[in-house]
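Trainee: Just so you know, the sequences run in chain order A and B.
Note that the working numbering gives residue 66 to position 66 of the first sequence, counting from 1, and the numbers run on in steps of one.
Note that the working numbering gives residue 171 to position 171 of the second sequence, counting from 1, and the numbers run on in steps of one.
If you're looking for bench data, these hints aren't it; they were derived computationally from the structure.
Since the model is a prediction, treat every value here as computed from it, not as a measurement.
Every residue gets a Cβ at the ideal spot worked out from N, C-alpha and C, and that includes glycine.
Be aware that a few hints might be false.
Claimed, not checked - Covered by chain A, according to a simulated footprint, are these stretches of chain B (three or more residues, beta-carbon under 8 Å):
| # | region |
| --- | --- |
| 1 | 45-52 |
| 2 | 116-129 |
To be verified - For the chain B half of the interface with chain A, some residues (derived, Cβ under 10 Å), not all of them:
| # | residue |
| --- | --- |
| 3 | I64 |
| 4 | L65 |
| 5 | F104 |
| 6 | R113 |
| 7 | P132 |
| 8 | D134 |
| 9 | G150 |
| 10 | I151 |
| 11 | T152 |
| 12 | I153 |
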Amino acid sequence: MLFIKCPYCGIRSQNEFAYGGDATVKRPQLNKEISDKEWDDFVYNRKSLRGKHLEFWHHISGCRQWFKVHRDTATHEIFKTLKPNEEL
Amino acid sequence: MKSVSPLNNVHELGQFGDFENKNVEEIIKIKEIKNIFIYQIVKFKSSNKKDNELSLDNLDFPNILKVNSNDNTRILWMGPNNWLIVSKNNLSDELKNNYFSSDFAVTDISHSRSIIELQGSNAKEVIKKGSPFDIEKLEENNCTNTVFNGITITIDNIDNSTNKIRIISLRSFGESLYHSVTDACLEFGYEAI
Numbered sequence: 001m002l003f004i005k006c007p008y009c010g011i012r013s014q015n016e017f018a019y020g021g022d023a024t025v026k027r028p029q030l031n032k033e034i035s036d037k038e039w040d041d042f043v044y045n046r047k048s049l050r051g052k053h054l055e056f057w058h059h060i061s062g063c064r065q066w067f068k069v070h071r072d073t074a075t076h077e078i079f080k081t082l083k084p085n086e087e088l
Numbered sequence: 001m002k003s004v005s006p007l008n009n010v011h012e013l014g015q016f017g018d019f020e021n022k023n024v025e026e027i028i029k030i031k032e033i034k035n036i037f038i039y040q041i042v043k044f045k046s047s048n049k050k051d052n053e054l055s056l057d058n059l060d061f062p063n064i065l066k067v068n069s070n071d072n073t074r075i076l077w078m079g080p081n082n083w084l085i086v087s088k089n090n091l092s093d094e095l096k097n098n099y100f101s102s103d104f105a106v107t108d109i110s111h112s113r114s115i116i117e118l119q120g121s122n123a124k125e126v127i128k129k130g131s132p133f134d135i136e137k138l139e140e141n142n143c144t145n146t147v148f149n150g151i152t153i154t155i156d157n158i159d160n161s162t163n164k165i166r167i168i169s170l171r172s173f174g175e176s177l178y179h180s181v182t183d184a185c186l187e188f189g190y191e192a193i
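Whole structure, please, built from the sequences with the hints as guidance.
Mentor: Structure below.
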């Protein structure tokens, strides 16, 4: 069980959250010509990192806000949580 | 058209569980709050209105996890730019006149929420049995969204002196939540009023 600090509500149980995927993936720029490989990378291909990882979480049973969590996937230690527009 | 409350089929009046040989204060009182107006107000990102300038029924809008209330109305913070109004008064006209669709999404959700009110010295113990939220940290006139046995709920701490707490859920989860809550109440004894 993880305890995650929502940037809006404070520390809450993992039960209230939903995992939202890799937060480092950037959508290709609008109207820019991109290859099928780049589109595949954006839509499907993900690294399965062991170690520090920046990921999106959704406080779905709380304030219903998306935010970023900097977490170690091996130890589950959470270093920092940020609002979506904030950078590490 | 006849209005049917969300818990009409399950809220059976009487005393249940281990209520014998206990003080009246120890027995949990369970009540369905019905025939009440509920509105959701969401402020758009594009809006220039400031939160501290907003008011309704002579109440300012509350900050994070807080509730502002008077005798008839409670305004609950639900999330950034998102509030829930629970009121005995029909506030439709005030909302229509002051909360324009260019800045706000105002929705009447009176029909789509189920509200259970718990009162008694063991009310917080009941919450602890189903929710991971630290209910002891929830002060009077504070509210929070959390889960109870997997059901998303809003807890509104109305009064610490009488241990009165409201649990708000989606109407469709109301009966299931009622069964969960009353099941958790059995060991303390409860009176459905």
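Trainee: Hint compliance check: list the failing hint numbers for this structure, sorted ascending.
Mentor: 1, 2, 5 and 6
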